[in-house]
Amino acid sequence: MDGLGRRLRASLRLKRGRGGSAQDNSEEAAKESERAQEHCLTNFAGGQHFFEYLLVVSLKKRRSGEDYEPTITYQFPKRENLLRGQQEEEERLLSAIPLFCFPDGNEWAPLTEYPRETFSFVLTNVDGSRKIGYCRRLLPAGPGPRLPKVYCIISCVGCFGLFSKILDEVEKRHQISMAVIYPFMQGLREAAFPAPGKTVTLKSFIPDSGTEFISLTRPLDSHLEHVDFNSLLQCLSLEQIVQIFASAVLERRLIFLAEDLSTLSQCIHAAAALLYPFSWAHTYIPVVPESLLATVCCPTPFMVGVQMRFLQEVTESPMEEVLLVNLREGTFLMSVGDEKDILPPKLQDDILDALGQGINDLQTSEQINEHVSGPFVQFFVKTVGHYASYIKREANGQGHFQERAFYKALNSKANRRFVKKFVKTQLFSLFIQEAEKSKNPPAVLTCSSLLYSGSFGTDIVQKLHWNPKDKGYVLHMITTAAEWSMSFSFFGFFLTYIRDFQKISLRVETNLHGLTLYDTSPCPINNERTRLLTRDL
1 MDGLGRRLRA SLRLKRGRGG SAQDNSEEAA KESERAQEHC LTNFAGGQHF FEYLLVVSLK
61 KRRSGEDYEP TITYQFPKRE NLLRGQQEEE ERLLSAIPLF CFPDGNEWAP LTEYPRETFS
121 FVLTNVDGSR KIGYCRRLLP AGPGPRLPKV YCIISCVGCF GLFSKILDEV EKRHQISMAV
181 IYPFMQGLRE AAFPAPGKTV TLKSFIPDSG TEFISLTRPL DSHLEHVDFN SLLQCLSLEQ
241 IVQIFASAVL ERRLIFLAED LSTLSQCIHA AAALLYPFSW AHTYIPVVPE SLLATVCCPT
301 PFMVGVQMRF LQEVTESPME EVLLVNLREG TFLMSVGDEK DILPPKLQDD ILDALGQGIN
361 DLQTSEQINE HVSGPFVQFF VKTVGHYASY IKREANGQGH FQERAFYKAL NSKANRRFVK
421 KFVKTQLFSL FIQEAEKSKN PPAVLTCSSL LYSGSFGTDI VQKLHWNPKD KGYVLHMITT
481 AAEWSMSFSF FGFFLTYIRD FQKISLRVET NLHGLTLYDT SPCPINNERT RLLTRDL
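The opening residue of the sequence shown carries number 1 in UniProt numbering; numbering runs sequentially from there.
It cannot be assumed that every hint is accurate.
[Said to hold, decoys possible] DSS-like, lysine-lysine: derived pairs with alpha carbons at most 25 Å apart:
hint: 1; residue 1: Lys408; residue 2: Lys424
hint: 2; residue 1: Lys340; residue 2: Lys424
hint: 3; residue 1: Lys78; residue 2: Lys203
hint: 4; residue 1: Lys346; residue 2: Lys421
hint: 5; residue 1: Lys60; residue 2: Lys78
hint: 6; residue 1: Lys408; residue 2: Lys421
hint: 7; residue 1: Lys424; residue 2: Lys413
hint: 8; residue 1: Lys340; residue 2: Lys420
hint: 9; residue 1: Lys382; residue 2: Lys340
hint: 10; residue 1: Lys424; residue 2: Lys437
hint: 11; residue 1: Lys408; residue 2: Lys437
hint: 12; residue 1: Lys382; residue 2: Lys408
hint: 13; residue 1: Lys437; residue 2: Lys392
hint: 14; residue 1: Lys437; residue 2: Lys420
hint: 15; residue 1: Lys421; residue 2: Lys382
hint: 16; residue 1: Lys78; residue 2: Lys165
hint: 17; residue 1: Lys421; residue 2: Lys340
hint: 18; residue 1: Lys420; residue 2: Lys346
hint: 19; residue 1: Lys165; residue 2: Lys198
hint: 20; residue 1: Lys420; residue 2: Lys382
[Claimed, not checked] Computed beta-carbon distance windows for the label pairs:
hint: 21; residue 1: Pro110; residue 2: Ile359; range: 42 to 50 Å
hint: 22; residue 1: Phe501; residue 2: Gln87; range: 55 to 63 Å
hint: 23; residue 1: Gln186; residue 2: Arg84; range: 23 to 31 Å
If you are wondering where the hints come from, they were derived from the structure by calculation, not from laboratory data. By construction, the Cβ of each residue, glycine as well, lies at the ideal position given by its N, Cα and C atoms.
From just these sequences and the hints, can you work out the full model?
Here is the structure:
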């Protein structure tokens, strides 16, 4: 039972936006980047390839002018004998990547010191397939002033922590020689992406160091493996995080500002992950390149990240109903003004209380992610968790959502007012459309998905003995009752065929080739037959 969240992420399709006028290469990048939705990438069960490309992007001086242009200087693997359509798709992808590796613009100068940055971006192809770029930008080793370069891994799977470790290994080998990178990446490419909670071990040889064994472990709670809520907690207060969540739920325009790329991409990924198990279905660009700043003028909803150096350009752009978040100062530079009143007051207080309890005692990033995600998941359970009961199905299995009866079923007027707005959003509409098409009502899966989502700890799967005071006890009892109900229903369905089974005769014919099992001489008795489970008609 993968549950509601996984089914959502696999089914939702993104809405394409428009980024405004730009240069030819930026237009291609806009087509690849808009509708990006990195936080809700499909939770791969394992067996997928780790990556598609390893690229090194360097700054090369243009022939005309003194500025620099990001260019791919290394690519692994180089694909040959591609069909025309595949080749065009690869060229379009590779032409967009350098723009996102250096979103700061082209005005660079050789440096002697530069802080290392790790960030990610997302590209969405015309067919809806998503690719994530994991980047490590740094100053290469060497004497004198140098230009930074970027190691970029393009993959279809989302796991920021795991790919950060891979980038560490790539960086270490590149300092020795580019030739040392090839066997490591080839071994990684041949290895299967591990299932949640599993580990894959690679053997790699490094000159002067010998053979090394590298273990790459995937978190057990896979839906949060690409998220770091700690970055968001360090930049904003709990009240501000809840207001950002409220704005995202109603699909408003959100802009995040930060100095460095690492903070910017991590915070916007975390903000989008607050919507789990729903998915942001509009323009989503974690780091907006300079040539695509016109995106902030779009009339459609968007969630984008912009470097602080472009603050003046952003504030001077014509924008309506936007929440402008300054991550450096922890303030809202622009807001609609009603962010505190979007969520029902009682449920908003419940979120804040749950977030504040024991947050200072958490140590690992996994604990922080579970602690932050849980209250927002519970919010959706309390407001829209009853949706499956209001999908009426026809004989062919097609469902029809009873919207009016759905929100009228809520007793609280405040909850009802919120849900009446939420059901009009694309987040909810796309989910309901998928639920209507599904012939298997997901009601039984809902509680199970929430129970095993990580909100109640990562040891739930191994838990055998439950106490009524344990977290998740109620959901455990509901899922247990649902499983037993399904078992008895199936058994009852099986019994309806008892008359048909009685009309079936099963014969077993045995041929003995010896008097004993150890005697190979012919047996005088041939074709010994026994009738089993027969009924004379």
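Hint-by-hint comparison with the structure:
1. Lys408 with Lys424: holds (15 Å)
2. Lys340 with Lys424: holds (20 Å)
3. Lys78 with Lys203: At roughly 23 Å apart (the allowed maximum being 25 Å), lysine 203 and lysine 78 satisfy the hint.
4. Lys346 with Lys421: Roughly 17 Å between the alpha carbons, so the hint for lysine 346 and lysine 421 holds.
5. Lys60 with Lys78: holds (21 Å)
6. Lys408 with Lys421: holds (13 Å)
7. Lys424 with Lys413: holds (18 Å)
8. Lys340 with Lys420: The given pair, whose Cα atoms are some 18 Å apart, holds under the 25 Å limit.
9. Lys382 with Lys340: Roughly 19 Å separates the two Cα atoms, so the pair holds.
10. Lys424 with Lys437: This hinted pair holds, its Cα atoms lying about 19 Å apart.
11. Lys408 with Lys437: Roughly 23 Å between the alpha carbons, so the hint for lysine 408 and lysine 437 holds.
12. Lys382 with Lys408: Within the cut-off at roughly 14 Å; holds.
13. Lys437 with Lys392: Given that 25 Å is the threshold and the Cα spacing comes to 11 Å, the pair holds.
14. Lys437 with Lys420: holds (22 Å)
15. Lys421 with Lys382: holds (15 Å)
16. Lys78 with Lys165: Holds, because 23 Å separates the two Cα atoms, which is no more than 25 Å.
17. Lys421 with Lys340: holds (15 Å)
18. Lys420 with Lys346: holds (17 Å)
19. Lys165 with Lys198: It holds: about 16 Å lies between the C-alpha atoms, which stays within 25 Å.
20. Lys420 with Lys382: Holds: lysine 420 and lysine 382 sit about 14 Å apart, inside 25 Å.
21. Pro110 with Ile359: 42 to 50 Å: At 44 Å between Cβs, range holds.
22. Phe501 with Gln87: 55 to 63 Å: holds (58 Å)
23. Gln186 with Arg84: 23 to 31 Å: holds (27 Å)
Figure legend: structure checked against the earlier numbered hints; every hint is met.
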